[in-house]
Each structure stands twice: as structure tokens, then as C-alpha cells.
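Participant: Could you put the whole structure together from the sequences, leaning on the hints where they help?
In order, the protein sequence lines correspond to chains A and B. Start counting the first sequence at 89; every next residue gets the next number (my numbering). Start counting the second sequence at 15; every next residue gets the next number (my numbering).
Treat the hints as calculated values from the structure; they're not laboratory data. Glycine residues also receive a C-beta, built at the ideal position from the N, C-alpha and C atoms. Hints should not be assumed to be uniformly reliable.
These stretches of chain B come out as covered by chain A in the derived footprint (C-beta under 8 Å, 3 or more residues) [unchecked claim]:
hint, stretch
1, 23-35
2, 47-57
3, 60-68
From the structure, some residues in chain A lie toward chain B, with a derived Cβ separation under 7 Å [as the list claims (entries may be wrong)]:
hint, residue
4, Y151
5, S152
6, L188
7, I284
8, K285
9, F288
10, D292
11, P319
12, Q520
13, G524
14, L527
15, L530
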Amino acid sequence: MQDSPYIALVGSPNCGKTVLFNQLSGLRHKVANYPGVTVEKKEGKLTLLDQSTHRLVDLPGIYSLNPKTLDEEVTIKVLQEGFGEGLKPQLILFVLDATLLDRQLALLLEVKELGLPMIVALNMMDLAKGRGLQLDDKKLSQILDLPVFPIVATKNQGIKELLEGIAHSLSKSLETNSSSLVASEKIENLNPKEKIKARFQKVDEVLSQVQTKAIGDSLWTKRLDKVFLHPIWGTLLLYVFLAILFQGIFSWSELPMSWIEGYLASLGNFISPYISNSWLGSLILDGVLPGVGSVLVFLPQILFLFLVIFLLEDSGYMARAAFLMDFHMKKVGLTGRAFIPLLSSFACAIPGIMGARTIENQRDRLLTIMISPLMACSARLPVYALLIGAFVPNTQIWGPFRLQGLVLLSLYLFGALSGMALAWVLGKLMKQKANGLFLMELPTYKIPQLKTVLLKIWDRALIFLKRAGTVILAASLAIWFLSTYPKNDFGKSPSLDQSYAGRAGKFLEPLVKPLGFDDKIAVGLLTGIVAREVIVGSLATIYAVEDSDQGEEVQIKNLSEHIKGRWSTATGLSLLVFFIFAMQCLSTLVVVYRETASLKYPMLMFVIMSSLAYVASWVTYSIFS
Amino acid sequence: MTQDLLTLNDLKPGQSATILEILSDEPLAERFWTLGLTPQAQVTLAHQAPFGKDPIAIQVRGSLLALRREQASQIRVRILS
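Facilitator: Next up, the structure:
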């Protein structure tokens with residue numbers, strides 16, 4: 089499969105490539121694990137009108153063939169050297185944003201110089217016409233010496249003709265005339281800047297021939313920017329959006345969460361008569377259900393956060409947010425660009441770290457990666473929710489504000505501010521100094537397309553479910569095994585103290601005692617190194633095993649009540665603070681290793697965050713005990 | 015103030031200018047060119063960020079580009095209108 093021919097989607101960022109990709113490949117597509125914000129190579133199946141299927145690869149958006157960021161490098165490598173075994177695309181489907189012809193035609197000319205077979209999808213024709221563009225696409229095709237198909241990807245217009253065009257080009261496997269349009273002199277003889285200039289001159293020349301009326305400004309973008317980039321209201325609105333976002337994560341996800349809880353509980357009730365009193369029953373009721381279930385419950389919150397992030401991105405607002413946040417990021421030696429991956433890190437550090445690929449400066453990129461795990465990711469929510477529910481009284485402070493909510497908010501803020509402080513400190517220690525480069529395009533506002541957003545969220549849900557089904561399931565099973573074995577002399581399960589887990593906990597207890605943690609929490613933390621939320625499942629499993637020793641009913645819901653009765657408030661708060669900092673996520677470390685191609689950074693990350701967690705926890709415990 | 019020493023930073027909101035020269039080092043200069051900021055291109059100052067009026071957003075070749083004053087100071091212009 090890797091070495092079979094493929095069609096590559098190429099274009100500038102925000103040209104509507106992803107929308108077209110989804111229209112062409114339907115609902116079936118593969119993404120490599122943990123895709124960044126359209127940074128990974130996405131692959132789907134394109135079905136032509138004669139029902140023949142072809143590989144379709146969505147390459148990250150580029151501004152030129154001279155890469156400035158890592159995601160651009162991916163695309164350029166594929167175009168110049170080919171995939172894997174040097175297989176170049178059999179056809180380039182170039183997506184051209186009709187509202188940005190002035191600039192994107194230059195990229196088209198540059199890609200054309202590669203001499204690969206190529207056809208052009210002239211996208212967003214509806215918007216361009218709405219803004220007054222009058223253009224002769226036949227003449228454009230003639231001058232470019234390439235097939236050109238006007239389409240509206242979001243409305244599925246012109247797709248049939250495009251598919252016919254693709255079929256036609258594939259059947260002819262025609263060579264594109266690479267002798268570029270920059271006539272009179274050979275473009276190869278020019279230096280890089282002269283080439284760019286020559287291409288832009290050609291663009292202007294082409295446009296003057298094919299345009300009968302040039303495009304006007306996007307009035308909507310002008311109007312909206314007057315509000316969203318307003319010196320006072322713009323900033324205020326950004327803060328309001330962020331407040332609504334985080335408020336929404338907690339309150340609007342409650343209903344679907346209670347559904348999932350309900351299903352899991354009735355599932356447990358349903359199967360328990362059939363399997364109780366066997367080791368399998370114990371495995372499922374004490375191991376799998378509490379472990380995986382306690383994590384699955386947080387799926388709605390995670391997906392809600394991604395929904396908002398995708399909507400902000402696809403609408404064009406995210407770039408404005410980066411523009412407004414640049415001032416704050418500058419103070420700690422970062423740029424506004426880092427704001428986007430860092431916001432994603434509130435859902436999960438992994439897409440955040442991968443999203444950092446779009447940062448041009450290597451120093452800024454590394455700093456962003458190093459602090460992204462300090463943004464409170466959704467895996468912390470189960471832990472925060474459990475501990476706050478158990479140890480913080482829900483007293484009303486003022487109006488709709490309650491103490492529990494405020495504590496949660498301050499945990500988020502504290503994590504983010506610590507991240508900023510860490511970026512500042514690490515930045516000072518780095519040899520390479522900040523170059524202060526902030527340069528990004530602010531795309532026109534667009535109405536996000538539901539299908540595109542839902543598909544992206546679906547990818548996220550799959551990734552999360554995969555994790556719950558693999559990493560967390562395995563961890564739950566391991567905990568169950570370690571806490572119910574070895575069997576004692578009578579062939580029965582041991583008391584928790586005698587189990588492997590109990591012994592490991594006892595061994596670790598002296599290390600965590602200054603933080604107010606007992607042996608059971610130590611076991612939880614140990615398993616939580618795999619993934620933060622595992623500790624909730626682990627604790628649930630440990631207490632479930634312990635309770636079933638005493639013949640009590642297993643109930644995940646009561647975990648909060650359970651620990652409330654067992655731990656002191658100081659212990660609960662200390663653990664809460666521990667989770668702000670602790671690097672309890674194996675997948676993050678693996679991704680950092682992959683993205684930095686160095687063991688140094690994941691190791692450094694683990695040491696810094698663990699030390700911060702230990703000290704902060706110790707301080708918290710000392711204050712409250 | 016002579017025309018020769020003006021940069022993008024001297025533009026007032028809504029004011030347009032023609033680019034004369036990009037003084038930045040490579041590879042940044044080439045990046046500017048790629049984004050349409052080439053000599054003779056026309057630019058308009060569209061927005062300034064709230065705090066310290068930095069970064070700014072400029073209109074060039076139909077697109078809106080955000081950049082910091084630090085970089086804008088490396089782009090020499092002739093102010094129109």
C-alpha cells in the first residue's frame with residue numbers, strides 16, 4: 089500500500105484543502121496516530137465516477153517550496169523526493185483559493201516548476217464572486233497550460249467535473265510543462281528572490297488577462313475585525329470566549345457524562361449475576377469497569393473542548409486570538425503563535441506538541457513543547473473533579489460562583505501561569521536567544537463547515553477510545569492483577585496489604601509520606617505515570633478490591649465519598665497540587681521524544697515537572713496539615 | 015523626516031505605502047517575499063494590537079498579515095496618500 093501510486097492535495101494554508109479532502113474521500117480516511125492541526129499526513133480513498141479508487145493524500149499547507157516550518161517540510165519532501173521509496177505523486181491536485189489569487193498563484197507557479205502532472209481546483213468561487221471577482225477560468229487554464237476546475241468545496245459544487253478531470257488526467261498521465269510561465273529568461277538561472285519576484289510579476293500579468301473585475305475586500309472580515317481586533321472590545325471578547333470555553337467544559341458536559349455513567353452502572357448490574365463469584369467476574373467488575381469506566385466518563389468534556397477549538401480554528405478567529413495574545417506571550421519570550429498549540433494543550437498536550445510544528449523558530453517551538461504539559465489537559469479533569477468533589481466544600485461565593493468552581497479555575501490558571509514562568513526561565517537558560525519573530529496570516533472569517541468539524545472530532549474520539557481500550561484497559565488489568573495476587577495459602581485473594589500492589593505501595597510510602605500520601609496513593613501515582621487519569625481508575629480498583637474483600641458492593645460513584653472518609657483534607661489538596669505539575673503521561677514523553685528527536689527533552693521535562701510537583705505538594709501539605 | 019528613512023512602522027492605520035526594500039536577514043527576508051512583501055508591492059496598515067500597538071496587521075496582495083513592529087521596522091516604504 090505504501091508504494092502504490094497516489095494523488096496529492098497541495099495548497100496554501102486555509103485554502104479549503106481539508107474540506108475538499110473530506111468531500112472527495114467521504115467518511116473513510118486514516119490519520120496517523122495523534123495528528124496535529126492538519127499537520128500529519130492524512131490519507132483517504134478517492135472514488136472516481138467509474139468507481140475506480142485511488143489513494144488521496146492531504147499534505148500540510150505551504151507558502152512556498154522553501155520550507156520554514158516542520159509541517160511545510162513534510163509537504164515539500166513528498167513533492168521533491170516522494171513518499172517512502174521515492175514515489176512522487178502521480179497527480180498533484182492543487183487547491184487554489186479564488187479569493188487569494190494575487191498571492192496563491194505564485195505558489196502554483198512554483199509547484200508547477202516541479203514538472204509533476206497537476207490539475208487545479210479553483211476553490212471558494214462563491215465567496216470570490218460574492219466579493220465581485222469576474223474571471224475567465226477557461227483562459228486561466230489556457231495560460232497556465234493546466235486543467236482548471238472552479239469549485240465550491242463546502243457546497244459540493246463542481247466536484248463532479250473535478251472528478252472527471254482527475255480521471256482524464258490519470259488516463260493520460262500527462263507531463264506538466266514545467267518550463268515556467270516566466271518567459272524570456274530561464275527561471276533556473278535566477279537567484280531565489282529574483283525567482284519570487286518573477287513569479288509575482290507573472291501573476292499580475294496573468295490576472296490582468298483573465299480577470300475582467302478584480303476581487304473586492306471581504307466586508308464581513310472588515311466588520312468582524314472592527315469588533316474582534318478592537319483595542320478594548322477585542323481583548324475583552326477574547327477573555328469572555330475563554331471563560332465561556334472553560335465554563336462549558338464543566339457544566340455543559342454534565343448531562344452526557346451522567347448518561348455514560350448510567351450506562352456503565354446498568355452494564356455492571358446486568359452482567360454481575362452471570363459472572364460473580366469467579367475470577368472473571370472479579371476481573372470485569374473490579375478491574376475493567378471501574379478502571380476504563382472512570383476514564384470513559386470524560387469523553388464528552390474532551391470532545392467539547394476540541395469542538396470549540398476546531399470551530400475557532402475553522403472560523404478564522406484563532407489567528408486573531410494569537411494576534412491579541414502576542415503581547416502576553418512576548419513577555420515570557422514566546423510569540424502569539426504559541427498560543428494556538430497551548431490552547432489545544434488544554435484538551436491534550438499531544439496535539440499541542442505536534443501543533444507546535446507550525447512555529448517557525450526552533451527555540452520558540454522547543455519552549456512551547458516544554459510548557460505544553462503544564463496546561464491542564466483533559467486527563468487531569470477526572471483527578472481534579474474527584475478531589476475537588478471530595479475535599480472542597482461547594483459553598484456559594486457570589487452569584488453563580490461557587491468555591492468548587494473557583495478552585496478548579498485557579499488550578500487551570502496556576503498551571504498556565506507556571507507554564508509561562510517556566511518558559512521564561514528556560515528561555516533565559518537557552519543558548520539560542522529569542523529572535524522575536526511573529527509573522528502569521530490572518531485568514532478571512534468563514535462559517536465553519538459542520539461536516540469538517542465533526543470529522544475532526546470523530547478522529548479525536550477514536551484516538552481517545554483507542555487509549556481507553558488499550559493503555560488504560562491494560563493499566564486497569566495490571567492494577568487488578570497486582571492488587572488481587574499472589575493468592576494466599578488458602579487459595580483466596582490476599583488482603584490488599586499482602587498483594588503485589590500493596591507491597592509496592594509500602595515500599596514507596598516513605599518517599600511520598602512528606603507529601604501526605606499513603607501506600608495506596610503511592611500505587612495510584614505509580615500507575616498514573618502511564619496516564620494521569622489512570623490514578624482514578626487505580627484508586628477505584630484498589631478500593632473495589634478491598635471492599636469486595638469485605639463483601640461490599642462495588643461502586644465507582646462512591647470513590648469520592650470513600651476517599652473523603654479516608655484521607656485528610658491536607659492530603660487531598662496536596663494531591664490536587666501534585667497533579668498540576670506532575671509529568672504523569674507516558675504518551676506525552678514519547679511524542680516529545682519523537683518531535684524533538686532527542687532523549688534530552690523528554691527527560692528534562694520529566695525531571696523538571698516531577699521536582700516541581702514534589703516541592704509544591706510538600707508545601708501544600710505543610711500549610712494545611 | 016525624509017522619505018528615505020521611513021519603514022512600515024511609520025504608517026498610520028488605514029494608510030498605504032509602496033515597499034522599497036526589505037532589510038531583514040535571510041531566511042526571513044525570503045519569507046517576506048514569499049508572502050507577497052516584495053519591492054513595489056502595495057501595503058496598507060489595517061490593525062494594531064491593543065497593547066503597545068504591537069503587533070500590527072497589514073493588507074498585502076489580498077491577504078492580511080500579522081507581524082511585530084520589530085520586523086516591520088526592517089521594511090522600508092514610501093508612503094502613498
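Participant: Which hints, by number, does the structure contradict?
Facilitator: 1, 10 and 12
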